[in-house]
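Chains as they are written, first to last, in the numbering used here: chain A, 3 to 117; chain B, 30 to 139.
In short, the hints are calculated from the structure, not lab data.
Don't take each hint at face value.
Claimed, not checked - Using 30 Å as the maximum straight-line C-alpha spacing, the simulated DSSO-like pairs for lysine-lysine come out as follows:
(1) Lys108/B <-> Lys43/A
(2) Lys16/A <-> Lys57/A
(3) Lys71/B <-> Lys66/A
(4) Lys134/B <-> Lys31/B
(5) Lys74/B <-> Lys68/A
Said to hold, decoys possible - Here are some chain B residues the structure puts well away from chain A; computed CB gaps all over 12 Å:
(6) Glu32
(7) Ala58
(8) Gln98
The C-beta atom is built at its ideal place from N, Cα and C for all residues, glycine as well.
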Amino acid sequence: GAVVSQHPSRVICKSGTSVKIECRSLDFQATTMFWYRQFPKQSLMLMATSNEGSKATYEQGVEKDKFLINHASLTLSTLTVTSAHPEDSSFYICSATELLNYGYTFGSGTRLTVV
Amino acid sequence: RKEVEQDPGPFNVPEGATVAFNCTYSNSASQSFFWYRQDCRKEPKLLMSVYSSGNEDGRFTAQLNRASQYISLLIRDSKLSDSATYLCVVLQGGSEKLVFGKGTKLTVNP
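If we strip away everything but chain A, and leave its shape as in the complex, we get (with noise of 0.2 Å):
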């Protein structure tokens, strides 16, 4: 089955830094990918939708310059936290979509915890 590789899966980062989260497709072209962030008790939600080759698609009130999201090919997909501060701090899935075969892959989440 598809699956989708997430790293790393935990991270502690001091306030001020930046933090690199990857999602890969392991067995199949990912053309959509989406990052989700999830706050204790609260439910997933969509950060942005990335689409290989092109500008990813920001939901309202995310902003696009704190959370660069880089899909530079079919199988990778990166979220980069720049400037972390500890309201950051949460945890962090990817998703993705097979070409031709509808069905979405979540990677193991990233829990990122900014002191």
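Once you've looked at the hints, dock chain B against the given chain A.
Chain B in isolation, oriented as in the chain A frame:
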């Protein structure tokens, strides 16, 4: 009004019990519906898709009522391993975006 609303829970039931979760969605253009399961600090995993005709997968039965914009999930003979948060998820009409409910936490007790 939230796009997807679920029973707030939590549900605490004994092993073997039958438990039902409800969900409503606000966008009548929504086209596809799912139940996902999320274990603590893990990613969501697809439990089952939901069809208008209703569908069953072992102990799990999902129902969709488009007229009422209502989705349900029934778990029969619950097991300890069913303990998780159940997420009602709707595919937004005209897009590839999934919209997640807040989830209902289920704890099955021995």
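We went through each hint and held it up to the structure:
{"no.": "1", "hint": "Lys108/B <-> Lys43/A", "result": "23 Å, holds"}
{"no.": "2", "hint": "Lys16/A <-> Lys57/A", "result": "28 Å, holds"}
{"no.": "3", "hint": "Lys71/B <-> Lys66/A", "result": "26 Å, holds"}
{"no.": "4", "hint": "Lys134/B <-> Lys31/B", "result": "19 Å, holds"}
{"no.": "5", "hint": "Lys74/B <-> Lys68/A", "result": "28 Å, holds"}
{"no.": "6", "hint": "Glu32", "result": "10 Å, violated"}
{"no.": "7", "hint": "Ala58", "result": "17 Å, holds"}
{"no.": "8", "hint": "Gln98", "result": "18 Å, holds"}
Figure legend: structure checked against the earlier numbered hints; the only hint not met is number 6.
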